[in-house]
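Let the hints inform the model, and build the full structure from the sequences given.
Those protein sequence lines, which keep their order, are chains A and B. Following the numbering used here, the numbering of the first sequence begins with 32 at its first residue and continues without gaps. Following the numbering used here, the numbering of the second sequence begins with -19 at its first residue and continues without gaps.
Among these hints, one or two may not hold up.
[To be verified] Distance windows between CB atoms, simulated:
1. A:Gln157 to B:Val322: 47 to 57 Å
2. A:Gly159 to B:Asp256: 48 to 58 Å
3. A:Arg43 to B:Val322: 53 to 63 Å
[What the hints assert, rightly or not] Derived, one-sided and incomplete: chain B residues facing chain A with beta-carbon distance under 10 Å:
4. Met12
5. Leu272
6. Glu298
Note that these hints are calculated values from the structure, not bench results. Just so it is clear, the structure is predicted and the values come from calculations on it, not from any experiment. We treat Cβ as the ideally placed atom computed from N, Cα and C, and that holds for glycine.
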Amino acid sequence: MSDDLILEQFVRLLDTLPVAAPWPALEESGFLDLLRSEDDGGAGLNLEDFFPLVLAAGARPQINGVVQTMVARLKNPDTTAAADIEAALGGNNARAVAAAITAGLMAGAMEQILATTVEYASTRKQFGREISKFQAIQHNLAIMAEEVTAARMAAQAAFVGSPREVSPQRAAAAKLRAGQAAEIVAAHAHAIHGAIGMTQEFHLHHLTGALHQWRLVHGGESYWARELGRWALARPDGLVTLARAL
Amino acid sequence: MLDTMELTAIPPEDEALREPIRAFLAEQLKSMSTERKARSWMGFDADFSKALAAKGWVGITLPKEYGGGGRSHFARFVLVEELLAAGAPVAGHWVSERQSAPLLLKFGNEQQRRKIVPEVCRGEAFFCIGMSEPDSGSDLASVRTRADLTPEGWRVNGSKIWTTHGRRAHYMIALVRTSGTPEDRNKGLSQLLIDMRTPGVTARPIRDVSGDEHFSEVHFDNALLPADALIGQEGQGWAQVNAELAFERSGPERIYSCMALIDAWLDFIRAKGPTDAEAELAGRLLANVSALRNLSLAVTARLARGESPVNEASVVKELGTTWEQSIPGMITDHLASVEVPVPGELLAALQYAAAMSPSYSLRGGTREILRGIIARGMGLR
Ligand SMILES: Cc1cc2nc3c(=O)[nH]c(=O)nc-3n(C[C@H](O)[C@H](O)[C@H](O)COP(=O)(O)OP(=O)(O)OC[C@H]3O[C@@H](n4cnc5c(N)ncnc54)[C@H](O)[C@@H]3O)c2cc1C
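This is how it looks when you write it as structure tokens:
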């Protein structure tokens, strides 16, 4: 199957799953074994090809644990509904792997928040025109787009190679940058949505709520900044050389 | 919506340029102070620009038949990255190779291309940018400097301002009105190639906040230019200047203005031994520059494919300048908390960056103007 096709089918699956009981259909789909090697009945997906799936899952936080389960199955093939990759994988690099995956989920959620907010701003009218026509709103949407772009790029940079071998420095930069963006993106999204965004019924809070939770797990910004900074300060190099070595 | 920016690696043949460039810079800059390194892209040194050109590193992306290096935009990325990381004084050739020569190649006549582009590549022709005027900043279409075609050639009257290194440049590419009035806005504008030695052209220095005289105001008092000083088509100045701004805004240089300061700070922390809070700040600096660098490479990949990714470049510039502007404040806040003496060189670099950092989001288009471009790219206006 081509990568685009995998993504397309994955998205279709996520969008048609019964939210209350998604796991039987997920089990049956075969997607949960995608990361496992072909010898073990999986597809041996590398991180580059996994990234779009993680973004798609991040954009659909109502069904939590799908990509987490895919990663956990690298260790234990019988896992379902895994929530905590770090605990499921165990070992040295588990926190970095979990942080990278979480950064990917956050980037996916933020892309969706941006799209939702642009759409809302382009339809909601006040003072006789769409609120997206006001310069202040345009500028805040531009800021959101900038932050989402930076977070996505930082996350993508951690999705290189095989799933267990995530670079801890890249994972650190990813989780840190995504967390930094999360605060700004969530705040502007809610501001632009006004009161409707504060309701249980409107879907925005699923996304922003997941974002805040993801920010908190597997090490937050300060934790990863410290780790990354210690690594950097143990080397003699300037910032550009360090960025290249990451 | 904006195009997605994808993670990109520098091709090995371009990455291979890095070592020779580093060796050259280590030799050239070995006695340069941190304070001068902090000036980097405002730093003017004609000898340095010539020496760089002798290596074939000025106009590296320009076609070989015009004296350029014929290399890809990734090669320029590596070059610019190393120049700015080392704090090299790039201002001499900066504008000419980044936007003036590419503009002449795109719109100029064959004589302008044949004569001037090779001069640029030899580090012999430096350009300044003649866009802003006293009453035309962000609203560039309102320029008033006027050029009239007479039997002897173009007669130019008016003035430009904030012209970086206007007194040292050999040429200016000026946006002027060749028909109509300022109320006609972007109709009736043209670009002229102005030899700065032309009688009636005077450049006066303006001292900037750091005490340097990089800025200038340039006056045109009935200056007479040859008829073939016109670049491209008469009346097409607006479209052309936007192409020029695309060259100006798409490069990787908008993320590396503070490197001398950051590197001096890292060295200071290493020497004193880092606390948790210091490691954290180092980590934040690194994570941010790493993301910006990857974004800048994604823009470079688009340039290498011959595209003009104006919206995406605006995103990177806006993110980059916002981040860069936060650096002097973060470092000031930290240094105010330490109890050991802070090296004088570090303080001098900090003082320069703190004074100049507001300009990062003015030059090349203000923050508000860039956000407007991004919003347009998102389909909001
Ligand atoms: C270091 C430096 C080097 C420079 N070098 C050159 C050079 O070599 N050649 C050259 O031609 N120019 C140069 N400039 C000038 C630069 O291009 C202008 O400063 C810039 O275009 C802004 O114009 P202005 O300073 O007149 O500000 P203004 O346009 O007057 O803007 C003032 C404020 O109003 C805001 N504003 C303006 N219009 C709008 C709007 N529609 N919506 C919302 N906010 C708005 C701006 O964002 C800004 O915050 C340089 C500037 C600096 C700082």
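Hints and how they fare:
no.	hint	result
1	A:Gln157 to B:Val322: 47 to 57 Å	51 Å, holds
2	A:Gly159 to B:Asp256: 48 to 58 Å	54 Å, holds
3	A:Arg43 to B:Val322: 53 to 63 Å	59 Å, holds
4	Met12	14 Å, violated
5	Leu272	7 Å, holds
6	Glu298	6 Å, holds
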